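Protein chains in written order, with my numbering: chain B, 1 to 770; chain D, 1001 to 1770.
No wet-lab data here; the hints were simulated from the structure.
Among chain B residues calculated to face chain D with C-beta under 8 Å, some are: (1) L27; (2) P81; (3) S83; (4) E206; (5) L462; (6) S466; (7) D474; (8) E590; (9) L595; (10) S602.
All values reported here derive from a predicted model rather than from experimental measurement.
Virtual Cβ for every residue (Gly too), placed ideally from N, Cα, C.
Here's the letter readout for the chains.
Protein chains: 2
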Amino acid sequence: MGEIGRSIPRVDAKDKVCGTAKYTEDLCPAYALTAKIYHAAIANGWVERIDIDDALAVPGVEAVFTCMDVPQLPFATAGHPWSTDPGHRDVADRLLLNRRVRCYGDDIAVVVATDEVAADRGLRAIRVEYREEPVAVTPEQAMEMAAQGGEPLHEAYADNILGRSQYQEGEWPADTEELTAAKGSYVCQAVQHCHLESAVSFAWQEGEKITVVSSTQIPHIVRRVVGQALGLPWSRIRVIKPYIGGGFGNKQDVLTEPLNAWLAQKLPGRTVKLCLSREEVFSATRIRHPITIDIETLADQQGNLVARSYNAVSCQGAYASHGHGIAANGMTAFRDMYRQSQALRQQALTVYCNVPAAGAMRGYGIPQETFATEANMDDLALALAMDPLELRRKNMMLPGFKDPVTGITCHSSGLEECLRKGEALIDWQAKRQAYAKQSGPLRRGVGMALFCYKTGVYPLSLETSSARMVLNQDGSAQLHLGATEIGQGGDTVFAQMAAEACGMRTEDIRVVSFQDTDVAPYDSGAYASRQTYVTGMAIQKTARLFGERLTGYAAGLCGMAPENLRVQGQHVVKQEDGQPVISLEELAQEAFYSLENSVHISAQTTNHCRSNTFAFGCSFVEIQVDMPLGQIRVLQAINLHDSGKLINPALAEAQVHGGMSMALGYGLSERMIFHPQSGKLLNGNLLDYKLATALDTPDLQAVFVETQDPTGPFGNKALGEPPALSLAPALRNALLHATGVKINSLPLEPQRLTAAFREAGLLEGGEDHV
Amino acid sequence: MGEIGRSIPRVDAKDKVCGTAKYTEDLCPAYALTAKIYHAAIANGWVERIDIDDALAVPGVEAVFTCMDVPQLPFATAGHPWSTDPGHRDVADRLLLNRRVRCYGDDIAVVVATDEVAADRGLRAIRVEYREEPVAVTPEQAMEMAAQGGEPLHEAYADNILGRSQYQEGEWPADTEELTAAKGSYVCQAVQHCHLESAVSFAWQEGEKITVVSSTQIPHIVRRVVGQALGLPWSRIRVIKPYIGGGFGNKQDVLTEPLNAWLAQKLPGRTVKLCLSREEVFSATRIRHPITIDIETLADQQGNLVARSYNAVSCQGAYASHGHGIAANGMTAFRDMYRQSQALRQQALTVYCNVPAAGAMRGYGIPQETFATEANMDDLALALAMDPLELRRKNMMLPGFKDPVTGITCHSSGLEECLRKGEALIDWQAKRQAYAKQSGPLRRGVGMALFCYKTGVYPLSLETSSARMVLNQDGSAQLHLGATEIGQGGDTVFAQMAAEACGMRTEDIRVVSFQDTDVAPYDSGAYASRQTYVTGMAIQKTARLFGERLTGYAAGLCGMAPENLRVQGQHVVKQEDGQPVISLEELAQEAFYSLENSVHISAQTTNHCRSNTFAFGCSFVEIQVDMPLGQIRVLQAINLHDSGKLINPALAEAQVHGGMSMALGYGLSERMIFHPQSGKLLNGNLLDYKLATALDTPDLQAVFVETQDPTGPFGNKALGEPPALSLAPALRNALLHATGVKINSLPLEPQRLTAAFREAGLLEGGEDHV
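Make a model of the complete structure from these sequences and hints.
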């Protein structure tokens, strides 16, 4: 039918462009109470006493609850599928409000009031006495603190180490004399998702049921976690997800929904709204894991990798959230991206610290791993005096590769072509040569980096999805999913997939974007770049069945054999010649209102996905470095992607632009700064946290190499996260090219650059005063 | 399993008793705009000019729309299933706002403002110039007006007659000398439903979709009618029905939803609320048809009916709504209730008049017909000097009867037993004798009346329903319906039915009471006492399939044959000995989260209902009449019902109490009083309109005779409307017994009684001054 591969406008474009789309807060009823959280003003210790009397006396304050009141039911917040195997469950290490304070900004009390002003006044009237413990803002400090007998953040983890993985293959070469080594310690900072829409929800209890309307990527998982946190049967929880204004993984955690649901339970019949401020989103939701990765690579003189070691220490923050899965994921990607060498040694540690909990963020450990790996590859190329592109071509994963642990296999790869196109577009050879030897205040460089990325979480976790279609009276069809549009264009490609598989037109598919877990088919949600792949399979299966039901009903009406009919556009047509037999509208009117045979045609199926596949891509950049200012100007930035077949090329391009923009901030300017003693976040707002603005952003170029992946429902592979991976290391490598200086810590901000240039003797003058 | 016949508490009891249940207005978002309708201040004529400039200048007024602005797409409002046959569709005779004014209170403009005060001020600032036509508040006046060449209410009906039916059987006896005649003209007044919750909705447009949240009995029909009224594809409309606070047929009309949706369309992105005041509900929604019924009955000396004639003139009011269907339904019941006599002559007319449109109201024409028929039967008994009960026993419908037009057949009847029980409970024989000859100011009487009532609308209209069940992770199940809880306890009996049919416990069935037409299975809604019957069939079919899917999955897990398993309570058990094989919770956890075989178990089916059956019942009352005051005190009131098998006897009893209370008001005190010249409703509020209060209501006794109807899914038959039918005529007949005076007009209010008593010489003194 050709619905796949069409750059149709987003199905929600008009809503969103015209500002008519309803987000969570737009739907909150009048007269809802407002809840505001009281956050800890210490980063480690205990709430000894909490005085709420003054707060309760504030006019308009309806209730105050504290960490002394909450159910003692530890719960996990990570947006993972549940497992029937207790060993595969997320770590349940937090309560609704925490007496044991583990980071500055931890949730310790909540005020519910008739309006925001009263709630704020209530917050200010709360008095808390703490018992403070020493603060550890880095994994090293946290491990040291534990070694010294300090109180661990969580009782069950006496050494503050949440998780640890190791992997080893082959023998490390005894004789390294003929080999070239590249060794580095690559440091990735803490950053925040900065989604446009805050973490916001509202909830109420009716009878025995609690409804939570929330801006979440994972409504069905929120339902489960709320049930667990409140000790209620999961079916007593109903979660509704309206349109959401971005999540990027932060809303793949169950953030404030359990607390909000509990407030609704404590105030039955009242609707309670809980909307975090931007400052709270920074300090009291999730962040991307700061990870320090030590890599050593040995290669022979031809550039063949011989031995590789990888040692990551990941800063988990106060609570487990997605925990060690992030660091472990990076380990796997490091193992996969380049061909097996003689020896591989890997280790990763994830350590609790007194900073906000790190969770999922677009890339799930791979932005950090890719930064380290790709920086190290350029370091190696430099040591070998080899073209970095050449080095990668020689060693990168090829079709047929199978990860020895996960079994994930490379079914298709357009990476070689991505490299070829990127090389040409950036004029690689000429510029590598031209910029080889520069001096003066402005220097240019070109750099690149590449990556591989899995599609979904199989076989590490369950991948399953259901979809449902329902015929409308006008011959259009509802597409009812548990999968979620989170701003990425999901609904549009879901509609295209359904249309393709059942034969209808995309414009006649109405995607239900308002997930209500009471009735929505189960799907674990938007994360892991899984939906076009895993949900796509469920949509395909369902839409085929739906199409068969349409032709089956038409066959009954027309006295023809169903196998001689198919759906094509707005009609059921003859299989042989495409001649219309009946329009879908007529068919629908008959099916709904027939006095002969009324059938409300629908279809629902589950697809249990048992495959995975690698997406690939790379970034090429050209930069100009202002040496005295330490400022990088991006002259050209190109991302090239093999995400298999593109469902909607225009949307794919938009995805890439968004991901590149995030990677740009990650590479150049963003970082969360914690006070080393107090653990307080010093720049938790959009003025002091340097998110790239439109003016900071160069033209972003997205290029696709379409492969037809044999496992993808429509030949497609991951696209959601890949765009955010390779641009930061490409920038770092271009800087190396321009200046010869290796900057191994992100972001590549002016302070860091000028200090490094000075150290390298490239800048004169004294201390940097910035 | 025994889930049927259990008096479990309502599934929504806690919600509603504790006040936590959310109704439409509770869900309306903050910052919604408020719309208020400008109603006509004439009853017949045209809007010549309408000046909204001052209204637009009122601070807070955002928009004013008038009858000059609306789409010229006439639409029908009746809550009937759509028909693919244009000849079977409802009359589309109104616009969103009407320039042609047809009743006092007609909708002619609407103000949208930021708040109610501004909206009210806006209304007051509107200036309208009318061209007035003479007003006809009765069918006689309307027909006369048309005969005199007056402008008809609707162009297409020049004689103001909306509909007309005739039926005739046999030859009217030429020789009536040996026969006894009873002849009367029975007059039923206009009454209003007076549901607790007003007609209220709110709506918004997102992109191309308009969502309307409304207090309606018929969400799927509202969706269609809004689509038709706005000229939009029906799939572009989404209707949500939260809990509703009563409807009684008024909300089986599409009242203000199309106007509200249109306002949302005119103000895209804004949410607009439209909530009618009590006064507006009286004058601008629907009422019960005032019908005058002339009956003549001839019987032989043994009391066998020989010939019957029935002539009804029904006052439709300004718009067609359910129209002639009401009067026609009464004709059918008259034909059915008593055995075929030698001759039957029937005619019914429905006439447009300048009063609010009459629509469906609990009983759908049968309260009027039953009042007339049963009054006439007592008149005949009096003429025959025969016990009225005896007369009815001799002539009433018996099992096997089949209506000659509709083909509806009497499959089961407990009426004889109802009569026997009622006779005993009221001590009929003794009291009929004891009260035969009384004098003095206080007189007592006993009376009775009976009825038959169809179950649903087949074969007059389509009866079809779908249901869906979805397994929850905790082993409970969602029951997803298009059928609606409207306060009657529907959700509870739906849950019991589903439990019975699939083997689960009722308490583990979670009924989704929040219909969202985007995803809810199709069902035409709550009316015609259809849901336990028609929807019940769909639930039974679906739940059986769902149960099979549970055992099928369990069979796969346990390596057993599915046919050897069944669901029992919270387990799948062995068919043979009931031994548990797996709990539903374990099964659900496995089905959701299995790495082997994940299936989200659900089932959806349609049942196209092709049967109907008669429910029966009767009322027995004892009253005391205060002759000088004209006041009736009800000493005992008993309703006896054969509604087949009761799904939930306690809820059935509550239904009967509610229906009796409505019939009591209908019989004794309620009526809408229209000014004969202006057509203005004079008592459109709950102070002047005499709804029976708790203090006016005697103990209400409900008795059931349970039959097992062979066509009912669980042996059940209609119960929703029957309780509202027979009490009013029983009261009239008791009054006849007490005083010998035939009052043939409702209500039996003091003014009417004293006037009649005076006329009959039972009261001395002059004019009545009340």
